[in-house]
Amino acid sequence: MKNKEKSMSQLDRSLLQKQNKFFQSFEEKEVKVILDQGVINRYKEGEVIFWERDPGDTMFIVLTGQVEILLKEGEIEEVLAILGPGDIFGEGSFATKAPRTAKAMATKDTYVYVISANHLEKLMEKYPKIAAKMLLELLKTVCFRLHITNKRLSTG
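Take the sequence shown: its letter number 34 is residue 34 in the working numbering, and every next letter is one higher.
Calculated directly from the structure, the hints in this document are not laboratory data. C-beta atoms are modelled at their ideal positions from N, C-alpha and C, and glycine is treated no differently. Check before you lean on any hint, since a few could be wrong.
In silico EDC-like pairs for lysine to aspartate or glutamate, Cα to Cα no more than 16 Å straight-line [stated by the list, open to error]: (1) K97 - D57; (2) K140 - E78; (3) K103 - E78.
Label pairs and their in silico Cβ distance ranges [stated by the list, open to error]: (4) K97 - E27: 29 to 35 Å; (5) M124 - S154: 32 to 38 Å; (6) E52 - L135: 24 to 30 Å; (7) E121 - G46: 21 to 27 Å.
From just these sequences and the hints, can you work out the full model?
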């Protein structure tokens, strides 16, 4: 990732807490602790965040803007998901350290919070309750996606 890191003071944490669905169950001080463990990157419209098969040990939370998750089938790119504020992506590679299974691209000017496995370990050591709350939010997202996928397959 290029020089895209954004200072935490440049984003209003209380606004994030109110408007970003991922952070709505957190207190403002918890949001500060979480955001201080990772970095915020800015991507311009059309900029690729990561490519399919890129190595990955980071996950992303969309703070503002929009991201498309794309999978290339031959010459055609299929849109798997359109994500907005509060949505998580990259969690599969984050958990398994496996290569990325799809491409992520900003479709509007976008800010994302990036946390690495290393940052999460530090959060777990210093703030275990906040880390547990964060992991629960991640689990809810993964379970919701699994439920949607199961529904699609059963009606397929």
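Checked hints:
1. Taken as a hint, the K97 and D57 pair is honoured in the structure, with Cα atoms around 5 Å apart against an allowance of 16 Å.
2. Distance check on the hinted pair: K140 and E78 sit about 25 Å apart at the alpha-carbon level, beyond 16 Å; violated.
3. For the hint linking K103 to E78, the alpha-carbon distance of about 10 Å falls within 16 Å, and the restraint holds.
4. Taking 29 to 35 Å as the suggested C-beta distance range, the pair K97 and E27 conforms, at roughly 31 Å.
5. Roughly 36 Å separates the CB atoms of M124 and S154, a value that falls within the hinted 32 to 38 Å.
6. The hinted range of 24 to 30 Å is satisfied by E52 and L135, whose Cβ atoms lie roughly 26 Å apart.
7. For the hinted restraint 21 to 27 Å between E121 and G46, the CB-CB distance of approximately 34 Å leaves it violated.
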